[in-house]
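For chain A, the structure is supplied; the task is to place chain B on it using the hints.
Protein chains: 2
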Amino acid sequence: MEKVIRVGLLGAGTVGSGVIQVLEMNRRQITERVGAQIQLKTVLVRNLAKKRPQLEGYVLTDNIDDIVKDEEIDVVVELMGGLEPAREYMLKAMEHGKSVVTANKDVVAQFGKEMFAMAEKHDVDFMFEASVGGGIPIITPLKQCLTANKITEIMGIVNGTTNYMLTKMTECGSDYDEVLKEAQAKGYAEANPSADVDGLDAARKAAILASLAFNTRVELKDVSVEGITKITPDDIEYARNLGYVVKLLAVGKDSPEHGVDVRVHPVFLPKEHPLAAVNGVFNAIFVRGNAIGEAMFYGQGAGSLPTASAVVADIIDVSRDIVNDTFGRVRCTCYEQKRLCPLEETESSYYVRLLVDDKPGVLGLIATAFGDAGVSLKSVIQTQRNIVDHAEIVAITHAVRHASIQAALQELKGMPVVDEIRNVIRVEKEQV
Amino acid sequence: MEKVIRVGLLGAGTVGSGVIQVLEMNRRQITERVGAQIQLKTVLVRNLAKKRPQLEGYVLTDNIDDIVKDEEIDVVVELMGGLEPAREYMLKAMEHGKSVVTANKDVVAQFGKEMFAMAEKHDVDFMFEASVGGGIPIITPLKQCLTANKITEIMGIVNGTTNYMLTKMTECGSDYDEVLKEAQAKGYAEANPSADVDGLDAARKAAILASLAFNTRVELKDVSVEGITKITPDDIEYARNLGYVVKLLAVGKDSPEHGVDVRVHPVFLPKEHPLAAVNGVFNAIFVRGNAIGEAMFYGQGAGSLPTASAVVADIIDVSRDIVNDTFGRVRCTCYEQKRLCPLEETESSYYVRLLVDDKPGVLGLIATAFGDAGVSLKSVIQTQRNIVDHAEIVAITHAVRHASIQAALQELKGMPVVDEIRNVIRVEKEQV
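If you read the protein sequences in the order shown, they are chains A and B. For the first sequence, UniProt numbering gives the first residue as 1, with consecutive numbering after it. For the second sequence, UniProt numbering gives the first residue as 1, with consecutive numbering after it.
Next up, chain A with everything else stripped away, as it sits in the complex (with noise of 0.2 Å):
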């Protein structure tokens, strides 16, 4: 008789209906897949007496041990999201014997090595692709595919949202508020867009991309955030105008004399990266290793069926896991403890937009400003804008350390001559 894997799952929302959806619509190719029945048993829902036709069939419970203590059931898939209780579940379920599979980033991001030992010391499987990029293969390509590599450099456009935001930006010259707005209509941001906008969803995947890349533990505090509510449209047209887009990335670069940097902020991207043009809601992570050079993986960063084309994936892979009677191939693969780069000690170059006094000589003055402080100028422009007796100047970079930067700034406000500083974002350096 063939085997039949038992799976409960835990929340039914958005990700939870679309692995329902999967597993039904691609039933015959997964069976063929694994060697084995996938069966959906049990389902936690938070509301037993709420009507969820598309759950007919399924036993539903508000009860976790009715999944965790119920022998028959071989994975948990934990889509409810948030730390609690998410977490405690599915510590639970590991606890029980049961392989657990989770697209809970906040999970990950915070206790992604204590879910890997508890996987480790119940001998079964803890596995989270859907956790980063939504559908896109990229933690199994990290843990597997790229592992022959010394990964240098991981960069991702991991929030759909913003990169929506900036693409509309960048297409239609609109400002924030009103991009904000019609990404609200649509249902691409939250009434409260602050995890988006702000970067923290973005800081939770870059801190989990650079664990896996770089074999270090990076948590949500160790990531430095800056989301795009500064960003506006004269920042787009000057980037466009010098050859750039502004894209929020997640960053991460492994150096022997820095050591592990992680960041999120907008950045001025030259337009021939392969990021460059990605663009609305889908997702891309770039990733550089000292064998396979560069790659990148593309795709639907968020939405129902693409997330759970991610989780599905899992399953049926830690179905396999079962089905050789084998589990924890892939492990915990922070093996090292590397030193986080400090902020301060961080090198980029630098776009810096400052309103000035419309006077000659303020260019002279403004460049010697940022020679003085060792910052040196890759170049300057300065334009009307037709702002009466002002005019901006626009100052791009050579690469420099942050502290530098910070310096630089720091003179330049406390001149005469510069009325504001009205933006200073991060630019990406031409590929060799």
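Just so you know, these hints were derived from the structure itself, not from any lab. The reader is advised that the hints may include incorrect statements.
Quick list of in silico lysine-lysine cross-link-like pairs, DSS-like style, CA-CA up to 25 Å [to be verified]: (1) Lys221(A) to Lys143(A); (2) Lys168(A) to Lys113(B); (3) Lys271(B) to Lys168(A); (4) Lys41(B) to Lys69(B); (5) Lys92(B) to Lys121(B); (6) Lys143(A) to Lys113(A); (7) Lys3(A) to Lys150(B); (8) Lys41(B) to Lys113(B); (9) Lys150(A) to Lys41(B); (10) Lys181(A) to Lys230(A); (11) Lys429(B) to Lys150(B); (12) Lys359(A) to Lys378(A); (13) Lys413(B) to Lys429(A); (14) Lys143(A) to Lys3(B); (15) Lys230(A) to Lys271(A); (16) Lys378(A) to Lys338(A); (17) Lys92(A) to Lys41(A); (18) Lys143(B) to Lys3(A); (19) Lys271(A) to Lys3(B); (20) Lys3(B) to Lys121(A); (21) Lys413(B) to Lys230(B); (22) Lys168(B) to Lys230(B); (23) Lys143(B) to Lys143(A); (24) Lys230(B) to Lys181(B); (25) Lys230(A) to Lys186(A); (26) Lys186(B) to Lys3(A); (27) Lys41(A) to Lys51(A); (28) Lys230(A) to Lys378(A); (29) Lys150(A) to Lys3(B); (30) Lys150(B) to Lys41(A); (31) Lys186(B) to Lys168(B); (32) Lys271(A) to Lys271(B).
Okay, now just chain B, sitting in the frame of chain A:
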């Protein structure tokens, strides 16, 4: 004591040297990731007399038995290329209980099923990530990360030589012979460039990709192939003006109506398509699945270290199986026998460029001829192009069967006003 996995390498050419280099430069990382040491033991070379300083410390042999009959060797890595004796050696290795890793697209495209059967019979792994797309992870994503999907379409830029040539023709307006010479000078194209420019290399990869994506056996003979030798700067300029770029694509489609349709040919690709931005020697594979939607995998499709990245990833994967005392978690995935769509039944839009007499009424005659053959037109333009008494007509058709476009071309050929059918290229329709 730490376990040691011993490797026998067949072939020490470009990729083989890359594998040795990667195993050495990332030794510590790889040991951590596997939980065992991977040690290259023996290398099969053609000529023992040749000096090879990079092989110092390894056993060299010109006798395959020294590897396949060596009980210490766990994994045989085949990087000789070509059908025989590569195939024979791999089968021998499996018969002796060794897992096999290969980059050999010829053997996988033609004998993949046989290789899997032998692997299954002898309880070993058979892996071939490097056979398509060089360093780009695409085989493992298809066999593992995208398994929750029914894949309906796979399109790839899988030949770096032709992509480099088409990119140069697009960027510099150079003609085919000129860029071929340049590509040969740079080592991107071989002295006899036929396998690349005529599409055969891409066709082998198309067969492998389609077999994996659609779970049915597709062999080289099932792939209809057309190369890039007829592409002119004029075609590329028309493409640009109409919003397309010209790419050589490996295309696989699977639909209930038509079955599985696999081809290699130049395509007018909408410039917004993710593959349109893949330039130079880079490769990328675009996949559409019924859960994930669109996904794309991008990277270096050739070269010593990138290809070695994929080979060593497979060695690591096999080694993890050995460490965990399992094998064959992922078997041959050709469990279906789908209908292959004959070329005549395939459907595409087409770009048709004609040289015609420059007389009033010609455009009408041409349009009528298309219509009579049942081919409906999306657009048709007539240009002078400085040819005395002649004009060019460029028509873009709606999607039609291959048989219908052939009928229309037959009709056009017979018309007195048509002096030459200058080119016919498929047009990939815009994404919905």
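Here is what the structure says about each hint:
For the proposed pair Lys221(A) and Lys143(A), the alpha carbon gap of about 23 Å is at most 25 Å, so the pair holds. A threshold of 25 Å between alpha carbons decides the hint, and for Lys168(A) with Lys113(B) the separation of about 48 Å lies outside it, so the pair is violated. For a cut-off of 25 Å, the pair hint linking Lys271(B) to Lys168(A) stands: about 18 Å separates their Cα positions. A threshold of 25 Å between alpha carbons decides the hint, and for Lys41(B) with Lys69(B) the separation of about 13 Å falls inside it, so the pair holds.
A C-alpha spacing of about 12 Å is found between Lys92(B) and Lys121(B), which places the hinted pair at or below 25 Å, so the restraint holds. At most 25 Å may separate the alpha-carbon atoms for a hinted pair to count; Lys143(A) and Lys113(A) meet this at roughly 15 Å. Distance hint between Lys3(A) and Lys150(B) is fulfilled; the C-alpha atoms sit about 22 Å from each other, no more than 25 Å. Between Lys41(B) and Lys113(B) the CA atoms are separated by roughly 29 Å; this puts the pair beyond 25 Å, and the hint is violated.
Distance check on the hinted pair: Lys150(A) and Lys41(B) sit about 23 Å apart at the alpha-carbon level, within 25 Å; holds. For the given pair, Lys181(A) sits about 16 Å from Lys230(A) by alpha-carbon distance, which is consistent with the 25 Å threshold. A C-alpha spacing of about 21 Å is found between Lys429(B) and Lys150(B), which places the hinted pair at or below 25 Å, so the restraint holds. For the proposed pair Lys359(A) and Lys378(A), the alpha carbon gap of about 23 Å is at most 25 Å, so the pair holds.
This hinted pair does not check out: Lys413(B) and Lys429(A) have alpha carbons roughly 53 Å apart, beyond 25 Å. The suggested pairing of Lys143(A) with Lys3(B) holds, with an alpha-carbon distance near 21 Å, which does not exceed 25 Å. For the proposed pair Lys230(A) and Lys271(A), the alpha carbon gap of about 21 Å is at most 25 Å, so the pair holds. This hinted pair does not check out: Lys378(A) and Lys338(A) have alpha carbons roughly 33 Å apart, beyond 25 Å.
Between Lys92(A) and Lys41(A) the CA atoms are separated by roughly 18 Å; this keeps the pair inside 25 Å, and the hint holds. This hinted pair checks out: Lys143(B) and Lys3(A) have alpha carbons roughly 20 Å apart, not beyond 25 Å. With a C-alpha separation of about 48 Å, the suggested pairing of Lys271(A) with Lys3(B) is violated against the 25 Å cut-off. Straight-line distance between C-alpha atoms of Lys3(B) and Lys121(A) comes to about 21 Å, which keeps the hinted pair within the 25 Å bound.
A hinted pair counts as satisfied when its Cα atoms are at most 25 Å apart, and Lys413(B) with Lys230(B) qualifies at roughly 18 Å. Only pairs whose Cα atoms come within 25 Å are accepted, and Lys168(B) paired with Lys230(B) is accepted, the gap being roughly 15 Å. Between Lys143(B) and Lys143(A) the alpha-carbon distance is near 15 Å, which keeps this suggested pair within the 25 Å criterion. A hinted pair counts as satisfied when its Cα atoms are at most 25 Å apart, and Lys230(B) with Lys181(B) qualifies at roughly 16 Å.
Under the criterion of a C-alpha separation no larger than 25 Å, the hint pairing Lys230(A) with Lys186(A) is consistent with the structure, at around 22 Å. For the hint pairing Lys186(B) with Lys3(A), the CA-to-CA distance comes to about 55 Å; that exceeds 25 Å, so the pair is violated. Proximity of Lys41(A) to Lys51(A) is assessed by CA-CA distance (about 18 Å); at most 25 Å being required, the pair is judged to hold. About 23 Å separates the Cα atoms of Lys230(A) and Lys378(A), which keeps this hinted pair within 25 Å; it holds.
In summary, the hint linking Lys150(A) to Lys3(B) is supported, as the alpha carbons are separated by about 22 Å, within the 25 Å threshold. In summary, the hint linking Lys150(B) to Lys41(A) is supported, as the alpha carbons are separated by about 23 Å, within the 25 Å threshold. A hinted pair counts as satisfied when its Cα atoms are at most 25 Å apart, and Lys186(B) with Lys168(B) qualifies at roughly 13 Å. Our distance criterion of 25 Å between C-alpha atoms is met by Lys271(A) and Lys271(B), whose separation comes to about 15 Å.
Checked against the numbered hints given earlier, the structure breaks hints 2, 8, 13, 16, 19 and 26 and satisfies all the rest.
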